[in-house]
Structure formats: C-alpha cells, structure tokens
Amino acid sequence: NCMVAVGHGSDLRKVEGTHHVNVNPNFSIYYNVSRDPVVINKVFKDWKPGGVISCRNCGEIWGLQMIYKSVKLPALKVRSMLLETPQGRIQAKKWSRVPFSVPDFDFLQHCAQNLSDLSLD
55 NCMVAVGHGS DLRKVEGTHH VNVNPNFSIY YNVSRDPVVI NKVFKDWKPG
105 GVISCRNCGE IWGLQMIYKS VKLPALKVRS MLLETPQGRI QAKKWSRVPF
155 SVPDFDFLQH CAQNLSDLSL D
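Okay, so the sequence shown: first residue is 55 according to the numbering used here, each after it adds one.
Bear in mind the hints are in silico, worked out from the structure with no lab data behind them. Hints should not be assumed to be uniformly reliable.
[Unchecked claim] The calculated DSSO-like cross-link candidates involving lysine-lysine, where the alpha carbons are at most 30 Å apart (straight line), are:
(1) Lys-99 / Lys-148
(2) Lys-126 / Lys-147
(3) Lys-102 / Lys-68
(4) Lys-148 / Lys-102
Since we're looking at a predicted model, the values are computed, not measured.
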C-alpha cells in the first residue's frame, strides 16, 4: 500500500524449499509482529507460527513470523510485496513466478553470522 522500499532480493532465503524469509536483521525496523501467534491446525516438524507481521508504516499484512528451530524469521507473502526489477516494478502472485532465484536458508550459517554480531563485553 505505502510503496516504501524495505528490502533487497539478496536478503531473501527459502526455508524448507517453500517459505520465503528475509534474513537481514535490519529488516525488522519495517514491520510489527502481533502478540498472538497465527493459528494453523497442523504441527510442523521444525517450525511453528509466530505472530502476523505487518508494515510498520501502513499496516498492510506481509505474512507471519516463522519460528524455525527457535530462530524467529519473517516469512513473506509475495503478493503483499511490490518487487522492483531491472525490467520495472512487478507484483507477483506466487514466489515460483518471480524473475529471480532465491537461495535456500542455511540455518548454521545464519546462527554463526548472528552469533558473531554479539559482543561479550
């Protein structure tokens, strides 16, 4: 709705081959997370739903917080995002139809990078 640039394609990763998340820790300044978790009547092996994530500026719902092996990640619905590409702006209905590839999420690499940001002072 508000058309504010909030991320880069290079920050996107796929969890379990299907859930598209933004792994940039600075991305969190652009959204709010609801207190109550999303109710999904199914139990997943490695993740559980957190709250709804929505644009901090306009309130548009972007997806949900995914708690994957205890790591909180924003899982995004592509139809809630306007994508800027070299060919112009597009609004995709499915992640499988975006004109770029999204690498798989590497849990160990993500944890190592985030731990290296911690200070022990």
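Hints and how they fare:
no.: 1; hint: Lys-99 / Lys-148; verdict: holds, 24 Å
no.: 2; hint: Lys-126 / Lys-147; verdict: holds, 24 Å
no.: 3; hint: Lys-102 / Lys-68; verdict: holds, 16 Å
no.: 4; hint: Lys-148 / Lys-102; verdict: holds, 22 Å
Hint compliance for this structure: no hint is broken.
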